[in-house]
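Chains as they are written, first to last, in my numbering: chain Z, 1 to 389; chain P, 1001 to 1389; chain D, 2001 to 2389; chain F, 3001 to 3389.
Everything labelled a hint here was simulated from the structure, so no lab data went into it.
Any given hint could turn out to be false.
Stated by the list, open to error - One side only, chain D facing chain Z, incomplete, derived with CB under 8 Å:
no. : residue
1   : Leu2130
2   : Met2227
3   : Gln2299
4   : Pro2300
5   : Ala2301
6   : Gln2302
7   : Ile2303
8   : Gly2309
9   : Tyr2310
10  : Ala2384
11  : Ala2385
Unchecked claim - List of simulated lysine-lysine pairs, DSS-like, C-alpha gap at most 30 Å:
no. : chain 1 : residue 1 : chain 2 : residue 2
12  : Z       : Lys272    : F       : Lys3272
13  : P       : Lys1006   : Z       : Lys6
14  : Z       : Lys224    : F       : Lys3224
15  : F       : Lys3134   : F       : Lys3222
16  : P       : Lys1272   : Z       : Lys272
17  : D       : Lys2224   : D       : Lys2272
Stated by the list, open to error - Computed footprint of chain D on chain P, listed as stretches where at least three residues anywhere in the stretch have a Cβ under 8 Å from a Cβ of chain D:
no. : stretch
18  : 1154-1168
19  : 1172-1182
20  : 1187-1197
21  : 1228-1237
22  : 1277-1283
23  : 1290-1297
24  : 1372-1386
Just so it is clear, the structure is predicted and the values come from calculations on it, not from any experiment.
By construction, the Cβ of each residue, glycine as well, lies at the ideal position given by its N, Cα and C atoms.
Protein chains: 4
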Amino acid sequence: MINGSKTLTRPIRWAMVGGGEHSQIGYIHRSAALRDRNFELVAAALDIDPTRGRVFGQQLGIDPERCYPDYLSLFELEAQRPDGIEAVSIATPNGTHYAITRAALEAGLHVVCEKPLCFTLEQAEALRSLAHAKGRIVGLTYGYAGHQLIELARTMIAAQELGEIRMVHMQFAHGFHSAPVEARNQATQWRVDPRQAGPSYVLGDVGTHPLYLSKVMLPDLKIKRLMCSRQSFVASRAPLEDNAYTLMEYEGGAMGMVWSSAVNAGSMHGQKIRVIGARASLEWWDERPNQLSVEIQGQPAQILERGMGYLHPDARQDDRIGGGHPEGLFEAWSNLYRRFALAMDAANRGDNEALAALRYPDIDAGVEGVRWVERCVESADNDAAWVAY
Amino acid sequence: MINGSKTLTRPIRWAMVGGGEHSQIGYIHRSAALRDRNFELVAAALDIDPTRGRVFGQQLGIDPERCYPDYLSLFELEAQRPDGIEAVSIATPNGTHYAITRAALEAGLHVVCEKPLCFTLEQAEALRSLAHAKGRIVGLTYGYAGHQLIELARTMIAAQELGEIRMVHMQFAHGFHSAPVEARNQATQWRVDPRQAGPSYVLGDVGTHPLYLSKVMLPDLKIKRLMCSRQSFVASRAPLEDNAYTLMEYEGGAMGMVWSSAVNAGSMHGQKIRVIGARASLEWWDERPNQLSVEIQGQPAQILERGMGYLHPDARQDDRIGGGHPEGLFEAWSNLYRRFALAMDAANRGDNEALAALRYPDIDAGVEGVRWVERCVESADNDAAWVAY
Amino acid sequence: MINGSKTLTRPIRWAMVGGGEHSQIGYIHRSAALRDRNFELVAAALDIDPTRGRVFGQQLGIDPERCYPDYLSLFELEAQRPDGIEAVSIATPNGTHYAITRAALEAGLHVVCEKPLCFTLEQAEALRSLAHAKGRIVGLTYGYAGHQLIELARTMIAAQELGEIRMVHMQFAHGFHSAPVEARNQATQWRVDPRQAGPSYVLGDVGTHPLYLSKVMLPDLKIKRLMCSRQSFVASRAPLEDNAYTLMEYEGGAMGMVWSSAVNAGSMHGQKIRVIGARASLEWWDERPNQLSVEIQGQPAQILERGMGYLHPDARQDDRIGGGHPEGLFEAWSNLYRRFALAMDAANRGDNEALAALRYPDIDAGVEGVRWVERCVESADNDAAWVAY
Amino acid sequence: MINGSKTLTRPIRWAMVGGGEHSQIGYIHRSAALRDRNFELVAAALDIDPTRGRVFGQQLGIDPERCYPDYLSLFELEAQRPDGIEAVSIATPNGTHYAITRAALEAGLHVVCEKPLCFTLEQAEALRSLAHAKGRIVGLTYGYAGHQLIELARTMIAAQELGEIRMVHMQFAHGFHSAPVEARNQATQWRVDPRQAGPSYVLGDVGTHPLYLSKVMLPDLKIKRLMCSRQSFVASRAPLEDNAYTLMEYEGGAMGMVWSSAVNAGSMHGQKIRVIGARASLEWWDERPNQLSVEIQGQPAQILERGMGYLHPDARQDDRIGGGHPEGLFEAWSNLYRRFALAMDAANRGDNEALAALRYPDIDAGVEGVRWVERCVESADNDAAWVAY
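Chain Z extracted, bound-state conformation (with noise of 0.2 Å):
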């Protein structure tokens, strides 16, 4: 289990490009980055407008000299100091990620990259080349990887508990841009600008990331030949689709299906694989990350929980918490953790009224537990009879 004690002698020196103020990305990609101190936030061009930029990287605690206009600038900046940054994280437009990947690599930096990594395959296996002849790492951020039951997807299948695999079912299948929201959504203006985008929107925005969770499950699986339908049911976004359906034949026979939508009105995102072989099926959807559907033919479904004993030690290792509890309880307790800093800089302001304002669990809280507590028990101590409050 993770418990924020050091995996590096030192964190590593960090960059941003893009993922500034109103980014909801950056803000993941720092969050990671920065939770455990492997990495160090040191250097950043955050804005394509440099004060923004500036401004923001100081709040985010950069030393303003370090915030950068742009891209260029901040890898030869930096590679002047000799404390200058090692490596680099792009959560930029898609129609950038090529060169901005290929000048940190040529500057000598790693690279954590949005996905796409780029538009072409020829651009995407120059890349390759030379992060090789670099010696220098890209990595890219198919955050759903992360989750440890796609770890333990992947070892029940190596231990051949589906039996042989027949069919590999994908979807990313939200219904958030079924109207033409671009006209006031900026971030999806981009999406279905091919310029910007690339040859695709669904395909690569969102179709890519259950076909790397595939990919991280069944490492073997390879696709021989595949046939795509795409469409773009809000005509206006045409060339880009934003639904495509992909049928795909592996080597060996096996079937792969991908659905890959923006337009699925009423869904959430809608994230989800499904493995199936010949003697068992195994499900993830990402809306309930915590837990793995099996069925194995002729047996009861099980439902594996995320953090429990009885799971393989792949899938244990990155926890963060045990068994039962939401991840996202961290989330919570960073939001009691916010209101109790803003508690106690108000009480130290003197300033009541912000004080009265604010929910949190406070003494009160605490008194008030100790009371139930004391009159369960002296209830029960008294066979059930009851108790005033």
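Add chains P, D and F to chain Z, keeping to what the hints say.
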């Protein structure tokens, strides 16, 4: 939405008492407090073994001089520093909470304490008086209260959406201690020892959690009287109970029910709260924390999802990520970034063996994603013809 | 598996008291009794209005002479016939059960009675003595007990699969009477009138259902003592309760809990029973009657499905259809056959307008299915090429 | 609501071809047809073994003279009777449907036929012409179409509640034939034999079911073209498929997808249909047939329950029981009544041993229920004091 930018002008200088290397809860405290730079961990008394505490403190980045052998020296010596601590979190066994909290308040510190605050109502009220006299905050870590849908429930009840409240049913009923596991499990041992756990086991340990949720949701509901029946199904736990039923009459005629249990065999956490009004009911379950079930009599049941635009602003202000994503996605990303760090480190050291053993979305994953999209588009643009891969 | 072949040499000659045209429960009695030709409906006193009762009786195929105005004449005159009734079902308001059951037993009839059998323990024991003296059967319609998974639960508990039983939690808590609907709903009216409903509303009306399920599952468990708190949330129902909590101590130390309610706003039936042992728990919910949840501490939770080969034979002998099918499929087929009959009748009458208005799977549906399969096969045999339809 | 009163002036005189003693489907036909006295079973050719067929026919109450050795003599000899049959149901292997249906129509009978109607489109159209010429009804038993929520879906789609329809996703994908079970299971054997099953296995056997549901829900949607990929994962089944994907383009641009499978290991029936519109989606699953999920983009998801007052009247007219009850309650009651009959019979015969071995809610259950309510009321009226039982 929270994006990690500064909430306070500067982080609060913070220490921990308890929460050492093998403490799950200690890691949760640190993850939450340090998440968005509202606190800075500068001192600690992490372990009853001072050496072990100091070693782990250094792992966490604390100056070894400020890794103290016990809470008394922590409070005393920090008070002498100009940059001494302003707040302390207490993550020690229950029997020590009272003394440490009192000492911290007397030292002028803000306190975040694990529940229960103490063992008797008299002690609790003494601490409350002391906190008020000192003008210091005492926060209790009823962590589930930080989930946004608890706030949503509060706003819905306040807006009379359920009608007059008739019943509040609560349970926190896990099965992890169905057998006498304390024989080999230290974390359970002190919970069933009256000297360390106080007058109750499950009433205090788990029952007070949903009780506090009811307090957040229904701030004006007052318990008039209660009755409680408790059992020690594992007989060696007597007089402490491992199962209890509490029935409560509230002022105004509503009824409350709490089932507290550690012997609900096979159940995961089983924390649920259902509030029943004259018109509608709502229900929240901590294992599916992103969903709130709302059942209006005579209408279809509804599932409300965290992070969605149709929710009350109070239920959205603590979001760190949009609806549809499980909040545990942050943990998944943290796992990936941890592996990225390990890979970068291995690459730096030229350790190709270590590198080969690591599973993470690497440059090949990037190439593969680009290839798949390219092939899909080729097929789609060719009327869904098969395309070799 | 039941296939409708004869269980008895000849059907039992059977009558109904109550269960007239607008009685939902009357239809259920008849559907169940006549289902597999174990009973033959030959006489009745269906309605307090004799004319209405006779008209409806004829609809049901009863000889008009044997449609009686009341139960007394039914029992008296049938006794004089050589082919007189042998058994009677009683589907009248609660307040009449005692007198009718007594009269039926005295007339030498077997009895099937809606619960409650009567209002006082003294009456109940008198009926028991009478039944024993007469050698007649009295059956109560705790209908849920007929679900096969209840039998499965019994066999699992008997086989010690849960370990020693510690708790039995029951609830039947619907929300249909959250408002004072009795003002306009006759079926509710008598339930909240002590003269007709007896000393309780929900305890008897709904609570006894899961209580009986617990009896089937755990035939040896004896209640030692109990306590009960009841409420009339719709005040006009007092002294009858619309909500009640019953806590029970069983011989041997196990605990029982029953929540009976008609004001669980927004809930459907909400009948559930959870049996918790030292090793495992099982749970059944009447709204998903084909699934039994089994949770073994320290193992993945299991979902057992009705009709599957891995179940105990006692849980399979009453199957009418294989696993996977909802049993409600019989109702769906009945609906289709009803429409087939209407269509045939319309065709016979040459009523093309009526025919056109009916929706059922007709010859066009047959043609369409054949076409679709033919086209699919054509495409599949042509390497998944597009085929015009 | 259906209450069993007469739909037609008199029942239709009805026969069966096939559906003998060990036929599950035969029992379903009879249960459905005879349920509400719309049909009367007066003749049959139940079995290819005439003796076995006659014996079983008598069990079902058919006059032995009207138990025929084959369908030809059934149609010929019944035609000579003044009270001869008017309708026939065909529950024989697929390969015989065409000939029997044709003969029945030529004999002037209404027909209810198992799907597929026949094997080729040419045959199907010939049967359609014949039926029209004869003015006779042909009904197909797409049984799931009889579920009320299918009607509800139709009304909602017609009322434009989903917006313009974009996608229809269907699946009927069970796992019961993941292994080559046909080696030992006759009911599977003919399904994978092209001579008896026709040109396909799962496309016709299961795929056409949800296809028909889509037809009911969306009567105006026309398939323009389709493509299909099919597999024989159990190789010995080739050329018949045990898994198939069909992608369909509808007139107007909507897309359809059908997954037909018998090798979805571990799955129960897995029949689902999801209709996705520009504004909302709905989804129905045959294993939870009482619930319809409705997901409106930007609003909380809704669960609509069969039998509730808020539904469209078309979705309520075929109800036999109110909302909240599973329709399988009729089966549960049938099981009880079966045991009541056995108990009455045993009592009549004085067979106390048989009587003691039967489990059913007997007079003791009646006494117990009364006792429990009495004790509960006593406790409740005494401020929830403990009461000995």
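Each hint, compared with the structure:
{"no.": "1", "hint": "Leu2130", "result": "violated (39 Å)"}
{"no.": "2", "hint": "Met2227", "result": "holds (7 Å)"}
{"no.": "3", "hint": "Gln2299", "result": "holds (6 Å)"}
{"no.": "4", "hint": "Pro2300", "result": "holds (4 Å)"}
{"no.": "5", "hint": "Ala2301", "result": "holds (4 Å)"}
{"no.": "6", "hint": "Gln2302", "result": "holds (4 Å)"}
{"no.": "7", "hint": "Ile2303", "result": "holds (4 Å)"}
{"no.": "8", "hint": "Gly2309", "result": "holds (6 Å)"}
{"no.": "9", "hint": "Tyr2310", "result": "holds (6 Å)"}
{"no.": "10", "hint": "Ala2384", "result": "holds (7 Å)"}
{"no.": "11", "hint": "Ala2385", "result": "violated (10 Å)"}
{"no.": "12", "hint": "Z:Lys272 to F:Lys3272", "result": "holds (16 Å)"}
{"no.": "13", "hint": "P:Lys1006 to Z:Lys6", "result": "holds (25 Å)"}
{"no.": "14", "hint": "Z:Lys224 to F:Lys3224", "result": "holds (29 Å)"}
{"no.": "15", "hint": "F:Lys3134 to F:Lys3222", "result": "holds (28 Å)"}
{"no.": "16", "hint": "P:Lys1272 to Z:Lys272", "result": "holds (26 Å)"}
{"no.": "17", "hint": "D:Lys2224 to D:Lys2272", "result": "holds (23 Å)"}
{"no.": "18", "hint": "1154-1168", "result": "holds (count 4)"}
{"no.": "19", "hint": "1172-1182", "result": "holds (count 4)"}
{"no.": "20", "hint": "1187-1197", "result": "violated (count 0)"}
{"no.": "21", "hint": "1228-1237", "result": "holds (count 3)"}
{"no.": "22", "hint": "1277-1283", "result": "holds (count 5)"}
{"no.": "23", "hint": "1290-1297", "result": "holds (count 4)"}
{"no.": "24", "hint": "1372-1386", "result": "holds (count 3)"}
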